[in-house]
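A.B. asks: Here is how the chains run, residue by residue.
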Amino acid sequence: MSARNWEVVIGIETHAQLSTQSKIFSGSSTAFGAQPNVQASAVDLALPGVLPVLNRGAVECAIKFGLSIGAEVAAKSVFARKNYFYPDLPKGYQISQFELPVVVGGGVRIQVGQGDKAYEKVVRLTRAHLEEDAGKSLHEDFHGKSGIDLNRAGTPLLEIVTEPDMCSSAEAVAYAKALHALVRWIGICDGNMQEGSFRCDANVSVRRPGEPLGTRREIKNLNSFRFLQQAIDYEIQWQIDTLEDGGKIQQATVLFDPDSGETRVMRTKEDAHDYRYFPDPDLLPLVISREWVERTKATLPELPEAKRQRFMEQLGLSAYDATALTASLEVADYFDAVVTAAGAANAKSAANWVMGELSARLNKEDKDIAASPVSAAQLAGLIARIADNTISNNIAKKVFEALWNGDGASADEVIEKQGLKQITDTGAIEKLVDEVLAANAANVAEYKAGKEKAFNALVGQVMKAAKGKANPQQVNDLLKAKLGG
Amino acid sequence: MSLTPDQVRRIAHLARIETSEAEVQTTLEHLNGIFSLIEEMQAVNTQGVEPMAHAQDLAQRLRDDVVSESDRRAAFQAVAPETEAGLYLVPKVIE
Numbered sequence: 007m008s009a010r011n012w013e014v015v016i017g018i019e020t021h022a023q024l025s026t027q028s029k030i031f032s033g034s035s036t037a038f039g040a041q042p043n044v045q046a047s048a049v050d051l052a053l054p055g056v057l058p059v060l061n062r063g064a065v066e067c068a069i070k071f072g073l074s075i076g077a078e079v080a081a082k083s084v085f086a087r088k089n090y091f092y093p094d095l096p097k098g099y100q101i102s103q104f105e106l107p108v109v110v111g112g113g114v115r116i117q118v119g120q121g122d123k124a125y126e127k128v129v130r131l132t133r134a135h136l137e138e139d140a141g142k143s144l145h146e147d148f149h150g151k152s153g154i155d156l157n158r159a160g161t162p163l164l165e166i167v168t169e170p171d172m173c174s175s176a177e178a179v180a181y182a183k184a185l186h187a188l189v190r191w192i193g194i195c196d197g198n199m200q201e202g203s204f205r206c207d208a209n210v211s212v213r214r215p216g217e218p219l220g221t222r223r224e225i226k227n228l229n230s231f232r233f234l235q236q237a238i239d240y241e242i243q244w245q246i247d248t249l250e251d252g253g254k255i256q257q258a259t260v261l262f263d264p265d266s267g268e269t270r271v272m273r274t275k276e277d278a279h280d281y282r283y284f285p286d287p288d289l290l291p292l293v294i295s296r297e298w299v300e301r302t303k304a305t306l307p308e309l310p311e312a313k314r315q316r317f318m319e320q321l322g323l324s325a326y327d328a329t330a331l332t333a334s335l336e337v338a339d340y341f342d343a344v345v346t347a348a349g350a351a352n353a354k355s356a357a358n359w360v361m362g363e364l365s366a367r368l369n370k371e372d373k374d375i376a377a378s379p380v381s382a383a384q385l386a387g388l389i390a391r392i393a394d395n396t397i398s399n400n401i402a403k404k405v406f407e408a409l410w411n412g413d414g415a416s417a418d419e420v421i422e423k424q425g426l427k428q429i430t431d432t433g434a435i436e437k438l439v440d441e442v443l444a445a446n447a448a449n450v451a452e453y454k455a456g457k458e459k460a461f462n463a464l465v466g467q468v469m470k471a472a473k474g475k476a477n478p479q480q481v482n483d484l485l486k487a488k489l490g491g
Numbered sequence: 002m003s004l005t006p007d008q009v010r011r012i013a014h015l016a017r018i019e020t021s022e023a024e025v026q027t028t029l030e031h032l033n034g035i036f037s038l039i040e041e042m043q044a045v046n047t048q049g050v051e052p053m054a055h056a057q058d059l060a061q062r063l064r065d066d067v068v069s070e071s072d073r074r075a076a077f078q079a080v081a082p083e084t085e086a087g088l089y090l091v092p093k094v095i096e
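Heads up: the protein sequence lines correspond to chains A and B, in order.
With positions in the first sequence counted from 1, the corresponding number in this note's numbering is that position plus 6.
With positions in the second sequence counted from 1, the corresponding number in this note's numbering is that position plus 1.
Because the hints were derived from the structure by calculation, they are not lab data.
Just so it is clear, CB atoms sit at the ideal spot from N, CA and C, and this is done for glycine as well.
Heads up, a few of these hints could be off.
Said to hold, decoys possible - Below, in silico cross-link-like pairs of lysine-lysine (DSS-like), each with a Cα-Cα straight-line distance of 25 Å or less:
1) A:LYS88 to B:LYS93
2) A:LYS151 to B:LYS93
3) B:LYS93 to A:LYS226
As the list claims (entries may be wrong) - Here are some chain B residues the structure puts well away from chain A; computed CB gaps all over 10 Å:
4) PRO6
5) ALA23
6) GLU24
7) THR27
8) GLU40
9) GLN43
10) THR47
11) HIS55
12) GLN57
13) GLN78
14) LEU88
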């Protein structure tokens, strides 16, 4: 959306809730959905005399993330206090990282658009740092008061900050989706956006090409990809309209209202918080050894980018296929399992089945690939029978359907039980061809008069007579030979 | 460097500390005294000295990621000024 000769500049900050059992500085559970305040310990409540003790698991998540985006995992990073007053933050400060974050640099590769207009780019990351989440304020009326639930207070977050590298809502959404897939891929965040496990803030500004960066406004707390896109599109248009009407953009934090589709100001620069960061004296610097980083590296699964390259180089898949098949770890694992069982020679066929029939069917029934009724082994068995000419592609769809519905444990069993084996015996096919030729003299005459379509009609008749089971290539060859002769 | 009374009022407001005019004046003097002390220290050449984030040159100890706390809500809420339905009640805040 580079409307009317304006350039759009977008940077994104994401809060990813880390998949740990316990909180970042206390031994309270992080499980979602508990009764209010039953998972809030003395540390989470900021009772006098308590001290935070850092969770090794949360640090490990940060290391994994740093490794997966080619960033530097800082040998030494520092926790700082971010000071502000709000009832869901009992300490009066949030423990975060400021000058020395745990992850520095790195980048996320994104694919934007489809078909001819598709392109790739790398969104550079500035940093990622560890911090604690705040509690929840419930503003329903409790006799004119607010209710505070501190179960979420102290839940570990990784805040991931990009450079202002995106220039459209499409790029922003592509980035958010790629990051979402990545954190789930490496198992550091469950990515549940409804529950708030993955939320984005977008910094948006516009400028005339070649001019310095415009004043930005930050859209807070976008918890779906659709809202991210809608909010950014609205904000871009609003800023352009404002500037073209001779107005000025004021730096501000805004909220997106999904009902109206508009953004509205939450606070302006004048009311901006003055957080007065300083190193938290309760916590010593976090030191991460090379050896710990290496040990963690060994536990990482093959990363999406590496898998994508391997699918292209070793399996000969197109960039498009390889990207689609590495969109999530579940899809990639499934595809890998199919190829392992069916052989690399059938990789293209496996890709077509996984992205075609299987994914269509999963979508239709709103099922996750991990819960697919047709297992990778079953699909591999099916693909093998197509490859060795036991069944045609058309019949294969029938077999797939049967496997989906549980009418057989394997493709072989379905083929056997339903008598779907392809007829490859030349004598048998020849007999069918002769019968069809004898019964369809009109088509034969038309074909001989130069009507190519008549040939297809004859092929159709033979296939019909064979109940779809004749090998299509053999039918073609035999028909041609007989008609030509 | 020395502070103005307005800056003292702002700092007090950020820290949510109520200060009378007399306290602003005495606090101003105290803070300016601290600043001159800092100025003296800043005269020391610290080139090549790695900044420290903590007075002790040690690394943070870590705990294993296990749940070690149990539900003690009833005990904690027994001393809270007001609670309802498991929530702590506070004066209404909407930003």
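A.B. asks: Taking the hints in turn, state whether each one holds.
C.D. replies: Structure-based check of each hint:
no.: 1; hint: A:LYS88 to B:LYS93; in the structure: holds, 23 Å
no.: 2; hint: A:LYS151 to B:LYS93; in the structure: holds, 4 Å
no.: 3; hint: B:LYS93 to A:LYS226; in the structure: holds, 22 Å
no.: 4; hint: PRO6; in the structure: holds, 18 Å
no.: 5; hint: ALA23; in the structure: holds, 25 Å
no.: 6; hint: GLU24; in the structure: holds, 20 Å
no.: 7; hint: THR27; in the structure: holds, 22 Å
no.: 8; hint: GLU40; in the structure: holds, 19 Å
no.: 9; hint: GLN43; in the structure: holds, 17 Å
no.: 10; hint: THR47; in the structure: holds, 16 Å
no.: 11; hint: HIS55; in the structure: violated, 5 Å
no.: 12; hint: GLN57; in the structure: violated, 7 Å
no.: 13; hint: GLN78; in the structure: violated, 7 Å
no.: 14; hint: LEU88; in the structure: violated, 3 Å
Of the hints listed earlier, those the structure fails to meet are numbers 11, 12, 13 and 14, in rising order.
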